[in-house]
Amino acid sequence: MQQLPDVIRQIPLNNYVWFSAALFCIGIIGVLTRRNAIIIFMSIELMLNAVNLLLAAFSSYKADPAGQVFVFFIMAVAAAEVAVGLAIIVMIYRNIQSIDVGILNKLKW
Amino acid sequence: MNFWYFLTALTLLSALMVVFAKNPIHSVLYLVFTFFCISGHYVLLNAQFLMAVNIIVYAGAIMVLFLFVIMMLDLRKNVPESKSNLTKLAGAVLGGTLLVVFIAATRHMNLGNGSGAIGAQTGMVESLGMILYKDYLLPFELVSVLFFVAMVGAVMLGKREAGERNF
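Those protein sequences? They're chains B and W, same order as listed.
My numbering numbers the first residue of the first sequence as 2 and each following residue consecutively.
My numbering numbers the first residue of the second sequence as -3 and each following residue consecutively.
Hints were generated in silico from the structure; no laboratory data involved.
Fair warning: there could be bad hints in the mix.
The calculated PhoX-like cross-link candidates involving lysine-lysine, where the alpha carbons are at most 25 Å apart (straight line), are [what the hints assert, rightly or not]:
1. W:K84 <-> B:K107
2. B:K63 <-> W:K130
3. W:K84 <-> W:K18
Isolated chain B, as found in the complex (with noise of 0.2 Å):
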């Protein structure tokens, strides 16, 4: 591949920069709707890889290798942090035996 892909030339940086906007709100409508916190978290995966496509975008338009590095950042964070967080769902199902999020609200006091 040593020419620029025909998508650069074509389809102009804002159309990524709308697409990456709805998948971004696909993804907080899911953390403000569902229930369940598996399905919260996986919004919030939905959030973060909206921005990582964005991030290479941007690289790939402007020549810039910076902006994947920050992506591969995104996802090693991105990594770890479900590590943890899951591993608190699967302590929260052991004590109440449910990961209904409405159920876990004696933080509000």
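Mind docking chain W on chain B? Use the hints.
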């Protein structure tokens, strides 16, 4: 470039299915599909290293972790009570409003297309490796510390105390 629009529509559709699927297992599978679509976008952007890492780390490792946890938890017996319809509606309206705000804010932005032929090698392993091990060496090493801390934290949280509530 019709394929770009097709792939984008497929990604958004499967992302919507992640949020609206009833069964958590289906949700995970749709999320894996979404990640594969995003990897397709990376290929279109000529970012092949990210494509490989996305498939290996996200679709391979993280999603398998989700799948294992869902299978371990036995969610069938407690079907989650849905939130009240008002809360759901408010959440959906809020997300939609945010999308409208994003689009309105970026509508008149003119970012232009890619410039010249200098960028063809941006996403290759070679150029990324050069910058990762030269300019970003310290963050790269700190990531290993982060992984170590996360591993210790996960083991500590997952350990079963004898007859004690964990929190």
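Now for the hints, and whether the structure bears them out:
Of the pairs offered as hints, the one joining K84 of chain W and K107 of chain B holds, with about 22 Å between alpha carbons and a cut-off of 25 Å not exceeded. Restraint check for K63 of chain B and K130 of chain W: the C-alpha separation of about 20 Å stays at or below 25 Å, so the hint holds. The hinted pair formed by K84 of chain W and K18 of chain W meets the criterion: a straight-line CA distance of about 14 Å does not exceed 25 Å.
In this structure, every one of the numbered hints holds.
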